[in-house]
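> Listed below, chain by chain, are the residues.
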Amino acid sequence: MHPFSYARPTEVTEAVHELAGPARAKFIAGGTNLLDLMKVNVEQPNRLIDINRLPLNTIDELDNGGLRLGALVTNADTAYHPLVEQRYPLLSQAILSAASAQLRNMATNGGNLFQRTRCYYFYDTAMPCNKRQMHHSDQITGTGPAGCGALGGYNRIHAILGTEASDGTVHCIATHPSDMAVALTALDATIHVTGPNGDRTVPIGNLHRLPGSEPQFDHTLRPDELVTAIELPPQGFPDHYTYLKLRDRSSYAFALVSVAVGLEMDGDVVTNARLALGGVAHKPWRKPEAEQLLIGRTATREHFQPVAEALLEGAVGYGHNTFKIDLAKRAIVRALGMAINKEKREEGE
Amino acid sequence: MQTTLPAPTVESAPVPLQPITLTVNGTSYQLNLAPWTTLLDALREYANLTGTKKGCDHGQCGACTVLVNGKRINACLTLAVMHDDHAITTIEGLATDGALHPVQKAFIDHDAFQCGYCTPGQICSAVGMINEGQVRTVADVRELMSGNLCRCGAYPHIVDAICDVMQLDTGK
Amino acid sequence: MKYIGEPITRVDGHEKVTGQAKYAAEFNVPDLAYGVVVSSTITKGRIIRLDTSRALAVNGVIAVFTHENRPKTAWFDVSYKDQDAPPGSPFRPLYDNEIKYNGQPVALVVAETFELARYAAMLVDVAYEATPCDTDLLKHLDAVRDPNPGVMNIFKPLPPKPRGDADQAFAEAPVQQSAQYIHGMQHHNPMEMFASTVEYGKNGFLTIYDKTQGVTNSLLYVTQAFNIPFNQVRVVSPYVGGAFGSGLRPQYQLFLAVMAARDLKRSVRVSLTRQQMWSFGHRPATVQNVRLGARPDGTLTSITHEAMAATSQFEDYMETVVNWTGKLYPSENATLRYKIKSLDLYTPLDMRAPGGVTGLHAIESAVDELAYKLGMDPLDFRLKNYTERDWTEKDKPFSSKELRECFRQGAERFGWATRNPEPRSMQRGHNLIGWGMATGIWDAAQVPARAEATLTVNGKLRVRSATADIGTGTYTIMTQIAADTLGMPIDDVVFRLGDTTMPPAPIQGGSWTASTVGSAVKSACDALAKTLFRMAKRLPKSPFVGVGFDDVQFIDGAIQLRQNPSKRVSLLEVVSRNRGRAVTETATSIPNLIKHNSHSRNAHAAAFVEVQVDEEFGTVHVTRAVTAVAAGRILNPRTARSQIIGGMVWGISHALQEESVMDHRYGRFMNHDLAEYHIPVCADIHDLDVVFVEENDTIVNPLGVKGVGEIGLVAMPAAIANAIFHATGKRIYDLPIQLDKVM
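Protein chains in written order, with full-length UniProt numbering: chain A, 1 to 349; chain B, 1 to 172; chain C, 1 to 743.
Just so you know, the hints here were simulated from the structure itself, not pulled from any lab data.
The C-beta atom is built at its ideal place from N, Cα and C for all residues, glycine as well.
There may be inaccurate statements among the hints.
Partner residues aside, some chain C positions facing chain B, computed with beta carbon under 8 Å [unchecked claim]:
1. His14
2. Asn28
3. Met191
4. Val240
5. Thr273
6. Arg274
7. Phe554
8. Lys567
9. Arg568
10. Ser642
11. Gly646
12. Ile679
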C-alpha cells in the first residue's frame, strides 16, 4: 500500500473540495474494496478523504411514496430497515445475498455502487489488464501490462453480454460484482450526485457503462463527483419479486449469474415487469424490450422462456464462462416463477 | 471539525506518524500510527493485542472480526485512524472479570474449533450476530456466520455452540 | 483408565477462545523489524535487472535482500534438505537469478514497520527474461515417468508389482468398467498464513517462532542451511493455525527471516501474504485411469489403476495414490501404476490425506459404477469383494480391520437399507436427492519419538515432547495419556510441545502423532512411575517394602497397594522427600517392528452421503452425511469427532469446490485468494455425523490407536460423486464438481 494523507471532512462541500485538489485523491467510506485494492497495488491514491462523518447516513421517506437512501447508510442498515424490508424486499434480499455480515456492516450504499470488478487479472498486477491502465489528464498510470488476460485465459466469472466495442473488438470481459446494483437496476433507482458544478441525478441504468474500448471507466460520473443518495421510486414490487443468485458456494461468493425480478400482477396476468441480471456484464444487465414480452401475458413458464432468450440475445461465451448463457436463461425462468409464487420464492434455488 | 494528516510529498519522505487514541476493550491506547495502518495491524503490531487474527488481510476470511460500537466488522479493511472515537471490542475484551463470555464457554463445550486461529473471529462474529437480532433459525445462523472461514471444518460444532447460547433448536 | 476414551474438553481451549494462544507472527519481541517478500511474476527464465534503489530510498527501510547481495549461506543443495524433502535438489531462496516457478521469492524488503516494508516491496523493480513455461499436466500425459523413490518411500510406498494379467482378465471380463478421473491442483490454505519471527539474542542466539508441523525439522534446516551450531538456535511453535501438510517442510519465510536477522543482527519477522500462500507446495494435479473387470456375481477379476501426477523440475514429489486400491480389493489380476512429470511448478507438498483422497475418489467411483452395471447394491459389491489380507504387502493380514462394522453401523445410522437404487428416484420439491457411499482407508503409522515426564516439587506432572498440535488435539490427548498413566487428576497435568529444547518428536503428519507421541508419553510416564515407586519404597516406614511394581497402582495422585488401598503414599510426598528436586524421566518409544512387519496396519471408514441437486442449475448440497470410522482406540471422542467432521468438510470441499486454477499461458495461479479459491463456508455444511466403530488392535502400538487426521476425508469425495449419480443419473469424473459440470 502506498502512503497517503488522510482527511476527514464533516461537510459535503468540504469533501468535494478536498477531492478537487491536485492529489490523486479518493473518497473512502466503508473501505472494503478500496483498501483491498490498495494492498494489491491496483489502487494508489495519495490522499484519502474519509467521508464517513458526512451527513449522508439517513433513510428518508419521500413525498411521492419513494425512499431516499443516504449514500453512507451501510448495506446492513439498508437491508434491515423496516421500510426497505416492507416496500423493497427485492433490495433487502439482494443486499443480504452479498458479501458477509461483517462486510455489509462496513460497506455503504454509495461505495457498493463503485466497487470494482473481481476479475482475477484486474486484481493481479503481474497480469495484463486494460482496466488498470488509467488515463489521467496528464499521464497514464496503472500497474502491470495492458491487454486482457481473461480473454483466452481463465474466465469462469466473466461477462457474456455487452463485451464488444462499437468496432467489434473486445478489450475487457470483466463483470460488475455488485448485487445491490442489480436490484437497484430492476427497481429503476435514481442516483443523486453532487460535485463542484452542483447537484444532478443519474438514472441507475446510466451510472455504469459497458467497457467498449475504454474499460478503465466503470461508470459515467466525473472523478470529482460524489454520490449523496439513492432514490427509490414508489413502485417496489413488494408482492412479486425475487433475487436469485447462483454461485460456487452457498454464501460469501460473488454471483456467477444473478437475476432480480419485480412484477406487478392482475390475477394471473403480468401488468408490469422488471428484470435485471448480475454477473453477466460490465454493468447490471437490463433490456426493457424483454420485459415487454411479459406484459399482458399469463405468468407461465412458456411465456418466461422468450424473455430469457431475449435478455440473453447476443450473449457470447469465452470458454470457461460459456455455461453462463444457459445458466442465465434457466435462472431467469426460475426467478420469474419464484417472483409470482411466494412458496416457490421461499423454497429458493 | 476536520482531521487532516500531511501528505508525503516524495517516496522517501519521513513517515508522518500521527498520535491516535484507540479505545479497545475499554482501555485507551495512545499509538503513533501512519494513516495507512489498518485497524488490524494497529491492534496486533502496535497495541500488542494479537488475539485478533490476520487470515487473509483482504476481507475474505473473517479471522480479523472485531466489534466496533457493537457491530462486527473486518479489522483488516479499515484504517485505524478512522476509529479514533469508536469503542472497539476484541476477543481479549469479551470475558468479564475472568468469567468467559457465554459464547466463549460454548465454543469450548462444543469443541467448536481445532487449530484455534479463526476462533477469535468466529466468537466476535457470533457475539455481533446475536447483537444484530436477525437470527430466527439454525439456517440463519449458518448464513450469517458465513463470513468466517474455518479451514479445520468445525462448522457443525460452531453452529451447535451458537445455537446453544441462543437456545435455538438444532434438531439434535 | 479414567481419562483415555473420555470426551475431555480441549486443554488449550481457554487460551484459544480468549485470544491468548500465540501463533508464530504474534511474538512481539523488542526492536522487531518486518520483512515483506517480493515474488516473481514470471514462471521460468531469469532476472536480468533488479533495482532496489526506490525501495531503499524509503525512510525506514533497513535493507533489501536479493540474490545479488544475500549473505553467504550453505553452498551445497543437500544442506537445504529438510526431513520431508523429496529426492532432488531443494529450492534455495534468493540463490541465483534463475526463476523456476511463478511466485518464487526474488527479494526481501526489511523495514522498521510492516507498512513500510509492504510499501517498499511494491517499489522493487525486477526485470525478467522469460522463457516459455510448461505447467499443464494434461498436455504431457504421454511423457510421464517413474519417480525416483528416495528414502521417504517407507511412508509412501511405490505401487506393488503387478499380479496376474490385468489386461487379459479385463478383456475376458463379462462386465467391464473403465473411466478417467482428473483432479486439479489445491493449496492447503490454513487460516494462519506462514510466518517466522526470529528473535536475535545475545551472541547471535536465535529464538525462532515458526509456523511448522515440526520444530525439529525447522531447526535442522536452519542449522544446515546457515551452518549454525545446534546450540545457537531454538525453534518454538506452541500453536499452529492449521497446516494440513503445508508445515511439513520449512517454507521460505523461515529462511529469509533467519537470513535477515543474522545479517542485520536484529530480530526480524517475515509473514507471507494470503496470495503468497500459493507460492509453495500444493496438492498436485492428477489424471487417473481405472479399469475394472468382474464376473456377473460381482467378483472382481481385473483391476488396473494408474495415476499420473505433476512435480517440479527440481524434486520428485510422489504420493501413494493407487496402492489403496490393492489394499481394499483382492483381485487376482491387478496392475497399479504411478508416474510423474516434471513441470515448471513448485514441488507439490503433502496435503491432508495425500494420495489417499485422490486415489480413493477414482477407485470408489469406479466401483460404484461397476456395481450399477452388475445390478448390485454398491455396499453389497464391497462386501462381496472384502479382503482380510493385503496383497500389496505380501498378503499380510491386517492388524485389525473393522470395515465390515463400519459398513453395517454407518448404513444403519444413515438408513441405507431403504434406498431405492434407481437413479433419479428421489425428489424434494424441484430438487433431486441422491444417496451414495464409499470406502475409506488410511495408514496407521508409528515412528520413533521421545518424551520427558517430570513430577514437579509441587506434585504436578509436566510432560514435554517437541511435537506439534496443528489443531488435532495433541495437547489434550497427551495430557489424558499422561494423567492416566500416573493416575493423576487431569488438572494436575500439563503437556508442553513445540520447542526444540524438548525431547525430539517427528513432524506431525500422516495421522501418526497420537500413536507416535502418545506411545512416547506413555513410555516416559511409565518410566517415571517406576522411578517414583522405587523412591517410595525407600521412604521411611514405606508400606511398599517387599512389594513389586505390579502389585501397586497409581491412582488419585498416589501409589497404592492393589490389594490394600489403605496402604498408599501420595506422589507429592514422594517428591517432597527428594531434597527439593523434581523427578524426571525421559523415554523413547519405537515401533514394535516384529509385530509391524507381519501385519498391514490401516484405519478404515465408510461414508454415506445424501446430496440435493438442483438439476437446472447444477448446484449440489450435501444435506447430510455419516462417516463410520474404525481407527483403533479413540483416545478422546470429542476431539476425534472434530477431526472426522473436519475431514468430512474437507471431503465436501474437495468434491465440490476446491481448485487452484492456473493460467497455463503464464504458469500463474489465478484464483489465488480466499474470495475466489472456494472452501466451504458455514452455510455449505449441514448435518454431519460420526460413528466410531469399536476396534481393538494390539499390534499397532501399546495404546491401540491409529490416528484420525485423514480417515474422515478420504471416502467423502467418491461418496458425494456417487450420490450425485444416484440423484441425477450423471457420472461426473472430474473434480471439483462445480455447477457447470452438473447442469
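> Against each hint, give a clear statement of whether it holds in the structure.
Hints, one by one, checked against the model:
1. His14: It holds, given that the least Cβ distance between histidine 14(C) and chain B is near 7 Å, below 8 Å.
2. Asn28: Cβ of asparagine 28(C) sits 5 Å from chain B, so the hint holds.
3. Met191: Holds - the Cβ of methionine 191(C) comes within 8 Å of chain B, reaching about 4 Å at its closest.
4. Val240: Since chain B brings a Cβ to about 6 Å from valine 240(C), closer than 8 Å, the hint holds.
5. Thr273: Since the shortest Cβ distance to chain B is 7 Å, the answer is holds.
6. Arg274: 4 Å, holds
7. Phe554: 28 Å, violated
8. Lys567: Check failed: Cβ of lysine 567(C) comes no nearer than 39 Å to chain B, outside 8 Å.
9. Arg568: With a minimum Cβ separation of about 34 Å from chain B (threshold 8 Å), the hint on arginine 568(C) is violated.
10. Ser642: At about 5 Å, which falls below the 8 Å cut-off, the nearest Cβ of chain B leaves the hint on serine 642(C) intact, so it holds.
11. Gly646: Constraint on glycine 646(C) satisfied, holds at 4 Å.
12. Ile679: OK, holds: isoleucine 679(C) within 8 Å of chain B, min 6 Å.
Checked against the numbered hints above, the structure breaks hints 7, 8 and 9 and satisfies the rest.
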